[in-house]
Amino acid sequence: MTTKKTPTTKALKGKKGSPEKKPVKKAMNPKGKGPRCKIGGLSADDRKFFDAYISDGNFNGMRTYLMLHPDVTPESARSHAPLVMKRIRPFLEKWLDDIGLSDTALKTKLAQLLNARETKFFAHEGVVVSEVDVEALHIQTKALELAMKARGMLSEKSAKEVAQIDQLIEIELAKLALARQGADAGAPEKTE
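For the sequence shown, the numbering used here begins at 556 and goes up steadily by one.
Accuracy of the hints is not assured; some may be wrong.
[What the hints assert, rightly or not] Cross-link-like lysine to any residue pairs, in silico, SDA-like; alpha carbons within 25 Å at most:
#1 LYS704 with LEU669
#2 LYS662 with GLY616
#3 LYS649 with ASP611
#4 LYS641 with ALA607
#5 LYS641 with SER657
#6 LYS675 with GLN695
#7 LYS641 with GLY595
#8 LYS649 with PRO637
#9 LYS662 with HIS693
#10 LYS715 with GLN695
#11 LYS697 with ASN615
#12 LYS697 with ALA666
#13 LYS697 with ARG672
Since the hints were made in silico from the structure, they are not lab data.
Make the full structure from the sequences, and use the hints.
Dropping the structure here:
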């Protein structure tokens, strides 16, 4: 006679106090190696990714994924990193809010930086002669650049792409000019 093992059961109270039996499923990690460990709502692997992302990864998902998985190719990291980022994004946003970097706080700080001022001191023979309150143009420029990048109006890639497109246009125009010269040289002259 063989006996069947039944899954672990947990008693639940039904109506009128009669216990009902229901199997309990243990949460397993995706690789099937033991129970899933949740830290702050993230799996242990996602928590490790999050910690690396905000430290050595410099908020770069692909770089972080490659750091944690050195045996993975960049092409594979390019497809896997966004999936991990999608899972940690809510936790990341909550963490940023908790440390004072909410959307509202960032916009307020950016607005302050766009109006930044500084004091210039003028000295003669080691003695401050005058001080002038002026606009901090270098700070304002960096803040404006950051705001434009955040809005998608400016990126380093776009400048490079525009330069490449300009080069391609110049090459094509040069080819057309050469083709016209060749066609003009081979064409018979018209006589009247």
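Hints violated by the structure (listed by number, smallest first): The structure conflicts with no hint, since it agrees with every one listed earlier.
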